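A.B. asks: Chains as they are written, first to last, in this note's numbering: chain A, 954 to 1235; chain B, 954 to 1235; chain C, 954 to 1235; chain D, 954 to 1235; chain E, 954 to 1235; chain F, 954 to 1235.
Hints may contain errors.
Identical copies look the same in the list; a pair holds intra-copy or inter-copy alike.
What the hints assert, rightly or not - In silico DSBU-like links for lysine-lysine, alpha-carbon gap of 35 Å or less:
id, residue 1, residue 2
1, 1067, 968
2, 1179, 1138
3, 1067, 1179
4, 1067, 1138
5, 1185, 968
6, 1185, 1067
No lab work stands behind these hints: they were computed from the structure. Bear in mind that the values here come from a model prediction, so they are computed numbers and not experimental data.
Protein chains: 6
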Amino acid sequence: MNTNDRKGDQMQQSKPFRRLLLTGAAGNLGRQLRAALPAWADTVRVSDIAPLGEVAEHEEAAVVDLADRDAVLALLEGVDAVVHLGGISVEAPFDDLLESNIRGLYNLYSAAQKQGVRRVVYASSNHAVGFHPVTSVLDTDAPLRPDCLYGVTKCFGEALSRYYFDRFGLETVCLRIGSSFEQPKNPRMLVTYLSYRDLIELVRCSLFTNRVGHAIVYGVSDNRIKWVDNTKAAFLGFRPQDSSMEFEHLFAVNAPTSDLNDPTQRFQGGPFVLAGPMEPKR
Amino acid sequence: MNTNDRKGDQMQQSKPFRRLLLTGAAGNLGRQLRAALPAWADTVRVSDIAPLGEVAEHEEAAVVDLADRDAVLALLEGVDAVVHLGGISVEAPFDDLLESNIRGLYNLYSAAQKQGVRRVVYASSNHAVGFHPVTSVLDTDAPLRPDCLYGVTKCFGEALSRYYFDRFGLETVCLRIGSSFEQPKNPRMLVTYLSYRDLIELVRCSLFTNRVGHAIVYGVSDNRIKWVDNTKAAFLGFRPQDSSMEFEHLFAVNAPTSDLNDPTQRFQGGPFVLAGPMEPKR
Amino acid sequence: MNTNDRKGDQMQQSKPFRRLLLTGAAGNLGRQLRAALPAWADTVRVSDIAPLGEVAEHEEAAVVDLADRDAVLALLEGVDAVVHLGGISVEAPFDDLLESNIRGLYNLYSAAQKQGVRRVVYASSNHAVGFHPVTSVLDTDAPLRPDCLYGVTKCFGEALSRYYFDRFGLETVCLRIGSSFEQPKNPRMLVTYLSYRDLIELVRCSLFTNRVGHAIVYGVSDNRIKWVDNTKAAFLGFRPQDSSMEFEHLFAVNAPTSDLNDPTQRFQGGPFVLAGPMEPKR
Amino acid sequence: MNTNDRKGDQMQQSKPFRRLLLTGAAGNLGRQLRAALPAWADTVRVSDIAPLGEVAEHEEAAVVDLADRDAVLALLEGVDAVVHLGGISVEAPFDDLLESNIRGLYNLYSAAQKQGVRRVVYASSNHAVGFHPVTSVLDTDAPLRPDCLYGVTKCFGEALSRYYFDRFGLETVCLRIGSSFEQPKNPRMLVTYLSYRDLIELVRCSLFTNRVGHAIVYGVSDNRIKWVDNTKAAFLGFRPQDSSMEFEHLFAVNAPTSDLNDPTQRFQGGPFVLAGPMEPKR
Amino acid sequence: MNTNDRKGDQMQQSKPFRRLLLTGAAGNLGRQLRAALPAWADTVRVSDIAPLGEVAEHEEAAVVDLADRDAVLALLEGVDAVVHLGGISVEAPFDDLLESNIRGLYNLYSAAQKQGVRRVVYASSNHAVGFHPVTSVLDTDAPLRPDCLYGVTKCFGEALSRYYFDRFGLETVCLRIGSSFEQPKNPRMLVTYLSYRDLIELVRCSLFTNRVGHAIVYGVSDNRIKWVDNTKAAFLGFRPQDSSMEFEHLFAVNAPTSDLNDPTQRFQGGPFVLAGPMEPKR
Amino acid sequence: MNTNDRKGDQMQQSKPFRRLLLTGAAGNLGRQLRAALPAWADTVRVSDIAPLGEVAEHEEAAVVDLADRDAVLALLEGVDAVVHLGGISVEAPFDDLLESNIRGLYNLYSAAQKQGVRRVVYASSNHAVGFHPVTSVLDTDAPLRPDCLYGVTKCFGEALSRYYFDRFGLETVCLRIGSSFEQPKNPRMLVTYLSYRDLIELVRCSLFTNRVGHAIVYGVSDNRIKWVDNTKAAFLGFRPQDSSMEFEHLFAVNAPTSDLNDPTQRFQGGPFVLAGPMEPKR
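One chain only, chain A, in its complex shape (with noise of 0.2 Å):
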């Protein structure tokens, strides 16, 4: 990795963080991310399996495996905090997700630690209580129910940051994120949806509250059917601003199906309760 941030720190002392590193950078919510992290940092380390594209002049950009180890300890080198999105957000053959949701993210904790990061922003998911039901409103403290080997992976990802914590006081705001999207695609997007507006602002929350400790919080709009909700997690000071009920037109206004049985419309994952496990690629 060729670093010449040195320069940079000179010019530009007024941001609050020297480096931050922001991983799955090249994904959908990387995105919009990496366009929203230079306001806060002199450098916006980025790094994603697949092409970074263009690198700006305040970026570094490293494309990394993550389930390489020694790659991930070389890209945690001088960061004050990081912006965890890599990895597979959809529900993914356990082979796929073992090496890059908990090898990949043992990984990065490890480094995190070793090179002295002070703070995590992990990407969790609702789909770590997806088989919760959807007449049922969630805090922050509600049981574990994953509702797929993705969720299972991110139940992982919230245990081994919680380890990392309080073993050696590295802090982690995991976000158990919606669904981020331009607009809701389906009705129940409508629910679980998460402006990228929201999001940026949740970061931001993420990044500069004074202290976080081991934090959970639901990544969603200010929708107006809730099933989560964040009230423990007010010392994060997320407020969103936007709602999906902007968009509730787009969906035909129907009665409520008849099927009571369908997993899909009982549980809080939706279709994902019925996505996995994937067969093992051989």
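Based on these hints, arrange chains B, C, D, E and F on the given structure of chain A.
C.D. replies: Then chains B, C, D, E and F, alone, in the frame of chain A:
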């Protein structure tokens, strides 16, 4: 009952419900909802024990005593969902409550199950919990504390509807309606006020939320003082738009009364806590 | 009713109660308690809708239909406390339950309040909460989940007695009795078993605890498997002395059944969850 | 004390209170409330251990040491309700706190009970719970965790006022006031800020809510970051109108400090957690 | 204070504590513990405001007024741990309670911290929560409800000791002792009874459990009726061996009293709830 | 794998299970259970990565690496229920834990689901919650606080098994086993001790309880000090018969250590809290 809704079906297929039943349609709240329901259903079947006035084109009207089992069975035929305001909604001699609110309610649920109805929106009451003190804030799991025999029958209704959900999957939203009038009539109603607009929105949420299971929700507007908390019912998406704050000027501001032991001041039920039991009529 | 208890009062002043009323005295549990109550009261008034057999010297017997308001008012005259086992204790057509368990219970409480009775020990039932799964342990605040119409009437009784306590200070202990027989009759009853001796002790505690307010307590012996937890009712001092462990050898030990969806296995109510609703008799 | 309020009574009968007592009237918050209280009472009796400046026509002024039992008894004569800001509101040697916040508070309650006062609005403090971490959100039932001896005296005050309510029905609202100044003075105060306007509204709610029992409520404006949650005190109707968000620009945005063990950063009490105990003066 | 414990140290090195301080050693419970402590410490320093009788070889005796700060500082010198029974243990005029239970307790903790004492076993009282009704079962997190001014001072003590733990790591076990006598003196004490043997075992657990933090535990034997629940304090390992059941025969079994409103019957504190406040002595 | 269990079926039809699989059978606890399981199953299939010694007539033995997916699939063929002790049960380098406790566990559940296995008894560990302080008592809903990477893999296992239950109805009992040895080896194990006899009884309850859903239960004997509370798992019927009290004499009674900050003393996990993370082997 003479029903010729087939043609209506052909002409208004875009409305989400084919046929909604509104009981208690001649009452105060019934009239409000009778005006609102046509927006959501091709046909609105209205019923009451009292005369129902002029019947609109989209309506089917039936004068029915809920204690009449056969009549109620017929009333529920072909119905998708019920908004059940029927029965007695004030303190009354037990024999009267027994017929309308207990036998009548059983008849309604028994018929609804037999006729394949999918959901009931049930007018329960804050008088199911009115013996809680005014210095507590109740969530939807608060223990039952009926403040009169009428309130006891609402507890019965919540238990009966729970049974029909657990046994048959027949969904119910129990609306613990406060004081729904044009405007608050006394200082206590500043706390329990539910505007007509918010009432209609609450029924709308109760009908259209995809899955409600067996839900309990308080029917109050966004008043300044709160005795109840709908956090656990946030999956219904009910957001009141009105508030009794606009009516606070109607009542003189007084220092608190000196009589701390007056039960009508100590308990949320107000004057209801002394209203019963009424002597049975002979 | 012909009562000449005055002389008895003079002769047996050392017993704590002057007159106890036992309803349902001709039933299975009624017979057990009929034998026990004389230790605690000068006079035991026994009643049932069925014949009561031979009447002992210390007894007053009255064949009464609880649905007969005047008869019940007379029955409660001069009574200190009631052990109320009367009414139907199995699933039955709603009309029957309505007369005995709803109208009858109202008559009992209305009369008790008018006659100045101080306390009722009310035979509620675990079927008021029988739709909770067998994998949960219920405390005395668990939400009501009746598993049959009979259970719904017990929910009514708990609400009605709560009202009479809040309104008039008439105290009630609601005994959620499990399976009280000579011995368990099937594997489920190993969990719900209440020995006769423990039943009597539970009634004793309910009668003699100085103040009970409106209490709910589960009536089970100290069985190995527990679905209920009486910690919050520990102020009653009930400590079961028996256990179904001595009967475990009666039932073959089997691997768990393969049918996870059988509701009679999933829910605490067992076969009751499918017993209702019975078709009303015409 | 020279009181000639009789004429005032005749002339201003429309105000809800006849006479309010404001203690600590010469302090920072006292001056704010001294300006507000005349709107609600014919006569405002103001007291402090310090000089009270010019006395308005509707005022009665009394320089009183709260440790002087007889003087306090006289001070409470003819008072309807008290807004008690008197005593020491910062960390101080224990002997000083003992006189003003413990002996003085006992004198106040003892006198209030003897003089028939109906309600006290008591300035408690967030320092009664300041040793809770900044990563938790406290409701009004949170365990006491005083962060200094001053905070310990506030715990005493909450216990003493609870006793006077349970024993005599003398109502108290304990205001756990955060940082009430013109504007926040440091980043921590962005969380604990209570605007003067919101303070006055909080006192108004505490005085005029019909029944408050013994209530605890946090005194904070609608700031972005929340360490406290007033849901259970919603019966008071306090809705802050201000927020420290308008002052966030005053403080540089910094990356979180690296010293996770600094107790002034870890705990809600901030610098108070190290302020005590001060050496007693000799 | 003349202490020559050096020789004792050389001779009795096998006892776990070098020096324990027992305050209130001349009182009823003090005498019990004075006999028990020698088993655990080379030297037992005993103190009281009253004469301490004959001093044993392993003892150091000091007549000390807890309100005397210098004397208390000297008293704590060289002490490993304190069993603090000193102060007033019944309702008394506030001025007296203030000196012994508030000023005296502050002196004790201030001295303990300065002298490096590691742990205090503090005799709190069930009167810190005596205004809870007899129909509830309190865990160790139950809200404070003192039933007299004496109880208020125990709330002060629990708050002060919490502060010293949070601030300095000085550990305390607060023993909410019930009625510790040879045997129960009235029916209420059947519930609150703590045998001397169980008291000593409770102190033993409080002294020897490796880490206690700031703990609250109820001091009651294994009585039949329970108003309190030590589940959350199970880390102390206290298992009572005695029960008031052996004394139940001493009190006549009576039907419950008819006066439901008698506060000495309604609340756990019994007669204490009417005992205060005593008029201050002049 | 060569299995000829047909004959066994004919001869021993009275045993409840046809075939139980015991993994980790060569380990310390495995040997205990290997001796116990034959009482409950016609055939016990034993497996380990280590040699399994002599194979009894009722046994089928298979040396299997859990990371070998095909081998595990074969291992589960024809199995009714699994007692899963396999994998690493101490802190180890992450790569090793990954293979046995993560990949291996996925292989086990994936195979169990495909082969129609009905239940898994899974050896989780108290190290899944070992970073809770020794001054708290955990119920089975306590938040996960793993104290080492091994503990993190147990959190993974609890999440994975939850998913297989919610998704497929495959039941699991997660045994959070404490210290199961002949006798406690140090003072901490007096708290965490689980006798072999109680371990076997716990497995018996886990296998034979009719329905367990996804259950969590602590595996400790009836020791004097308790850090955990199985009340919510009482439906399993586990009642320990042994206690570490008989071993308390083995360890000298000491005054508490002075080092309050030693994490191995502060947290339930004891020395495990410093054991990880171990450096990955290269």
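A.B. asks: For every hint, state whether the structure bears it out.
C.D. replies: We went through each hint and held it up to the structure:
1. With identical chains, the CA atoms of residue 1067 and residue 968 are at most 35 Å apart within one copy only, with a shortest distance of 24 Å there and 45 Å across copies.
2. When the C-alpha separation of residue 1179 and residue 1138 is checked against a cutoff of 35 Å, the pair qualifies both within a copy, at 17 Å, and between copies, at 33 Å.
3. Taking the closest pair of Cα atoms, residue 1067 and residue 1179 come within 35 Å of each other only across two copies (33 Å); inside a single copy the shortest separation is 40 Å, beyond that limit.
4. Proximity of residue 1067 and residue 1138 under a CA criterion of 35 Å is satisfied inter-copy only: 34 Å between copies versus 41 Å inside one chain copy.
5. In this homomeric assembly, residue 1185 and residue 968 come within 35 Å of each other (Cα to Cα) only inside a single copy, at 30 Å, whereas the closest approach across copies is 40 Å.
6. In this assembly of identical chains, the alpha carbons of residue 1185 and residue 1067 lie at most 35 Å apart only when taken from the same copy (31 Å versus 38 Å across copies).
Of the numbered hints given earlier, the model fails none.
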